[in-house]
Amino acid sequence: MKMITAIIRPERLEAVEEALREILDEGDNFRLTVDTVEGHGRQEGEVELFRGKLVRVRRVQKSRISVAVNDAYVEKSIAAIIKGARSGEAGMVGDGKIFVTALEECVRIRTGERGGQAI
Amino acid sequence: MEPAIDPGSTAWMLASSAMVLLMVPGLALFYGGMVHRKNVLTTMMMSFVAMAVIGVQWVGFGYMLAFGTSIGGWLGWDPSLLGLSGIPHTRLYGDKAIPELVFVMFQGKFAIITPALISGAVAERMRFRSYVAFILIWSTVVYCPLAHWVWASDGWLFKLGVLDFAGGTVVHIAAGVSALVLALMLGPRRDVARGRTVLPNNLVLTLTGAGLLWFGWFGFNAGSAVAAEHPVAGAVAGLAFTTTQSAAAAAGLMWMVIERWRHGKVTSLGLASGLIAGLVAVTPAAGHIRPASALLLGAMAAAVCYAAVQLKAKLGYDDSLDAWGVHGVGGIFGALMTGVLCFTPVAGALAGNFGQLGLQAVGVAVAIVFSGLGTFVIATALKAVWGLRVEEDVERDGLDVIIHGERGYHFDQT
Chain P
0 MKMITAIIRP ERLEAVEEAL REILDEGDNF RLTVDTVEGH GRQEGEVELF
50 RGKLVRVRRV QKSRISVAVN DAYVEKSIAA IIKGARSGEA GMVGDGKIFV
100 TALEECVRIR TGERGGQAI
Chain D
0 MEPAIDPGST AWMLASSAMV LLMVPGLALF YGGMVHRKNV LTTMMMSFVA
50 MAVIGVQWVG FGYMLAFGTS IGGWLGWDPS LLGLSGIPHT RLYGDKAIPE
100 LVFVMFQGKF AIITPALISG AVAERMRFRS YVAFILIWST VVYCPLAHWV
150 WASDGWLFKL GVLDFAGGTV VHIAAGVSAL VLALMLGPRR DVARGRTVLP
200 NNLVLTLTGA GLLWFGWFGF NAGSAVAAEH PVAGAVAGLA FTTTQSAAAA
250 AGLMWMVIER WRHGKVTSLG LASGLIAGLV AVTPAAGHIR PASALLLGAM
300 AAAVCYAAVQ LKAKLGYDDS LDAWGVHGVG GIFGALMTGV LCFTPVAGAL
350 AGNFGQLGLQ AVGVAVAIVF SGLGTFVIAT ALKAVWGLRV EEDVERDGLD
400 VIIHGERGYH FDQT
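Protein chains in written order, with numbering that gives the first Met the number 0: chain P, 0 to 118; chain D, 0 to 413.
Chain P extracted, bound-state conformation (with noise of 0.2 Å):
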């Protein structure tokens, strides 16, 4: 099992979730969470006007996904989100990132259900 969180641009998020449902939605709707956040990495922050004056805003509104997958659906997973958060053929600075982590432990709250089953 591994856990996949993404750092996408907002306006990316559809097109990923659309991605994603392509392949992890097996008749039975399929998992994600999703998180506005802020941060920065090589992409600066957007140029502001307040009260004449040019403001950098430092950090960037990012949206974070996270999906729970089994090993076969990895790659799978990677690729959907690539292909959803991309711009354009060659991406754009500031296109985000992909982590993926090894998931100990996975249990469905209302049956206890663990492991591969639960996810």
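Sample of chain D residues at the chain P side, in silico, Cβ under 7 Å:
(1) R395
(2) D396
(3) V400
(4) G404
(5) E405
Quick caveat, the hints were computed from the structure, so don't treat them as lab data.
For glycine and all other residues, C-beta sits at the position ideal for the given N, C-alpha and C.
Add chain D to chain P, keeping to what the hints say.
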């Protein structure tokens, strides 16, 4: 004999003028709450900017075009009114016993809010500079002539006997029809085109705005009693105030009942929409009908506007915030019903005078055709010069930060 200045009338008209202006921020809040968070500022700006642009135009030459000496009933003209330079501040206006400058300001607030109403149909996708140019040209070549025809004592529709107490045709039909034409020319927002519903970013703003609109509307309608000569105006103001309250309340109640019946729940946005529909419909009728008639008019207007808003989804055009569905449809309904329910200064169809209903229909038809055509021509020209719509990526990322360089909310950074 020149009447003496009447302190009561003057005070009420000054207060009314300020109340009508308060409707502009009210409208900004009403509309601003209903759009994406990323477009809240540009949406509110579209209302606020009318205060700056039309506020200058009206003093410069707008008042002259609408209320200057009539050229054959078609347009006002009087170079001494340019910049209001030829109006001594002591001069009274006609038989109204108020200073002319007070009348200029009262009418100016109407000129400001009318184009702002249109912005509800173009929200979240119209290019800001095209919008600003549009309202300036529209106010000059559509609003001012129409106001002259309907309200100036030499206007041809006024002389024909068309009743429009506070702006059902001039304000609401003109803005509503123009809104529909612009919405069709712009095409739907990208989310709507993809079958998504745009959820409001903050209905609390919308309800606050609806409350301010209702409050301001008492100035709008009861202030319009200035059309009657002094001292009758005071009594007419009381009538208009009462019918305004009655129609708004009945319409809000009716919308609640319809929603409870159709969906099982009463929504806050529904109640707010109902109130506004009632206020729109009673606008042309306010000083002409009885309070009980206003209750009926409001209730019926809510049903009609509810149907119009539902129909939008079926027809597929994107009148983002229902400027046509509420102001256009409610305005047409109210203007026609004025001809049915009126009792002063003339009787309506209910009392056997079907001629008045015919006159109202003429007024409605003229307003629809004139404002519709005018909007089409202005928008076609602007489309050729600047384009009407922002680029796809601007619409995606939000107009606030790209066009205005600001965001409405910085909750996490401040």
